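Protein chains: 2
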Amino acid sequence: MREIPLAFEPLKTAVDHLLAAGGKRIRPVLVLLTGRLYRPTDEALINLAAAVEMLHTATLVHDDLIDGSLLRRGVPTLNAIWTPAATVLTGDYLFAYAASLAARTENVRVMAIFARTLMTICQGELHQQFGNRATMLNREDYLRRIYAKTAAMFELATEAAAVLAQAPEPQVQALRQYGVDLGIAFQIMDDILDFTGDARVLGKPVGNDLRQGLATLPVLLYLEEHPDDPLIPRILAGSSGDEALIEEAVRRIRNSEAIPRAIAEAEVLVRRGQAQLQSLPDGPAREALRWIGEQILRRDR
Amino acid sequence: MREIPLAFEPLKTAVDHLLAAGGKRIRPVLVLLTGRLYRPTDEALINLAAAVEMLHTATLVHDDLIDGSLLRRGVPTLNAIWTPAATVLTGDYLFAYAASLAARTENVRVMAIFARTLMTICQGELHQQFGNRATMLNREDYLRRIYAKTAAMFELATEAAAVLAQAPEPQVQALRQYGVDLGIAFQIMDDILDFTGDARVLGKPVGNDLRQGLATLPVLLYLEEHPDDPLIPRILAGSSGDEALIEEAVRRIRNSEAIPRAIAEAEVLVRRGQAQLQSLPDGPAREALRWIGEQILRRDR
Chain S
71 MREIPLAFEP LKTAVDHLLA AGGKRIRPVL VLLTGRLYRP TDEALINLAA AVEMLHTATL
131 VHDDLIDGSL LRRGVPTLNA IWTPAATVLT GDYLFAYAAS LAARTENVRV MAIFARTLMT
191 ICQGELHQQF GNRATMLNRE DYLRRIYAKT AAMFELATEA AAVLAQAPEP QVQALRQYGV
251 DLGIAFQIMD DILDFTGDAR VLGKPVGNDL RQGLATLPVL LYLEEHPDDP LIPRILAGSS
311 GDEALIEEAV RRIRNSEAIP RAIAEAEVLV RRGQAQLQSL PDGPAREALR WIGEQILRRD
371 R
Chain F
71 MREIPLAFEP LKTAVDHLLA AGGKRIRPVL VLLTGRLYRP TDEALINLAA AVEMLHTATL
131 VHDDLIDGSL LRRGVPTLNA IWTPAATVLT GDYLFAYAAS LAARTENVRV MAIFARTLMT
191 ICQGELHQQF GNRATMLNRE DYLRRIYAKT AAMFELATEA AAVLAQAPEP QVQALRQYGV
251 DLGIAFQIMD DILDFTGDAR VLGKPVGNDL RQGLATLPVL LYLEEHPDDP LIPRILAGSS
311 GDEALIEEAV RRIRNSEAIP RAIAEAEVLV RRGQAQLQSL PDGPAREALR WIGEQILRRD
371 R
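Chains as they are written, first to last, in the numbering used here: chain S, 71 to 371; chain F, 71 to 371.
Bound conformation, chain S alone (with noise of 0.2 angstroms):
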């Protein structure tokens, strides 16, 4: 019966279309560079990139949906294209093919990170959505949120590399702790775009942050300059749909200290993320995998 293909078109086509959309594909760069480390690349390393890569676009694919976003990496997502009902079920056979993927490195312990790294994203998502906004100008909730949404798959592409080139335990530890570091300063660096980045070499419109009414890094910081500005803390409490108030307000965080500030905080976790490979095995992966902290900083994208 299993050898019966249920052949199905226009799920090809959904996923040729998230795929071709491109992206940094900088999750399986981790990956495969983690692995570079201790050995050759084989088979085992490249079916794990395809399965974080793989694992990122599903969670793509639902929370496009859920957040109503139209357009990424400069193509019109999914859920603009397709039913709800057709966005929910591609999502869901992305993840399973990316387990599938992760199951194909035959390793127990990736499994296991694999599946922790699922649960941490969805839990997190779960309370960005949900959560109690009053715990939400809060810097340790805002890391929290950012580790969940961001650093807890970088942390899988380093951390589950590591174990499938059967590096050292403390140096799974290093990288896993890089992967943590990297993560939340890549995601501090797209929150400063929201506010800071072009939209056309983002492929996606500026502000949309302030418009769901989540407070990143940037308003974090402006907040604590601007106590009294009165402007975002209505914005955050009403979700103004007013576009022209959003507007002004992303003109005064981009323009105000707020922005190197955050870009100061990124650079300290680059930082600390790099100062961890000092315990890993010399060599052009690891010079590669500290660039990738640099580009990190200078991310446009």
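Where hints are given, some of them may not hold.
[Claimed, not checked] Below, a sample of chain S positions facing chain F; criterion: calculated Cβ distance under 10 angstroms:
#1 80
#2 135
#3 137
#4 153
#5 154
#6 155
#7 156
#8 161
#9 167
#10 181
#11 183
#12 184
#13 185
#14 187
#15 189
#16 197
[Unchecked claim] Chain S is nowhere near these chain F residues, computed Cβ spacing over 10 angstroms in every case:
#17 94
#18 143
#19 263
#20 272
#21 275
#22 337
#23 357
Honestly, the hints are just simulated from the structure, not real lab data.
Just so you know, these numbers come straight off a predicted model, no measurement behind them.
Ideal Cβ positions, reconstructed from N, Cα and C, are used throughout, including at glycine.
Let chain S serve as the given structure and place chain F on it in line with the hints.
Okay, now just chain F, sitting in the frame of chain S:
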């Protein structure tokens, strides 16, 4: 970072709500009985049983959302009491939870079967939702749909449990085939109950499939016997919202030979599945697996 729990009370409430609603728990029972053929129930088998039931629950959450079903097991579905976004994310979380439980078996082959099953289920659901309506009245297509929808998870339960219990490979295959046959019979009986069942016993309304324009085995058999009855094709083609017409169609099918013929088909499958058990170790576990076949034929919910 990972140590910080993302305590999220509504998720716990939702999971409690789903699990407290009960259900027949036939899938975890299949896991535990299969395991007991070979050894005392251990931690790994219990984790697998929980993983299979959790995966089943996850698929129900997304299915009910997609179908807009408001009642299951006599209690409101998650989508009836929560937002679509929360429902999507809770389903995702349950998939992740199921994968995490499966990973605790620490068996690579079990994990691979698990991931493959989830892909089959998603593809089948996509096919059912968006496939070509022209092939819908095809018997082959019906069997493929219910394999993906139900039998694949029965197959997962028995095959993975046999693998985990280190059954000899021919017995793994016999148990796998038993799972497929009983799963298809189980779904045929489910499709019959949608015409003959008591809504109060079922915990959900009857005539659902027809209302959604879905042709199940009783419909296919009825159309074979009554090729000139225009009512059924009219409902299937138009997804007629006319409740009186749907009730009349349910009545005609319920009182036709299609019902005993469909039951007879389910019985053939149950007998074939039970015959697979002959090669397995004798004892109470095997007797219980045989008995499950009988119970499937006697389903009233």
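- Message: When the structure is checked against the list of hints, which entries are broken? Sort them ascending.
- Response: Checked against the structure, no hint fails, so every one of them is satisfied.
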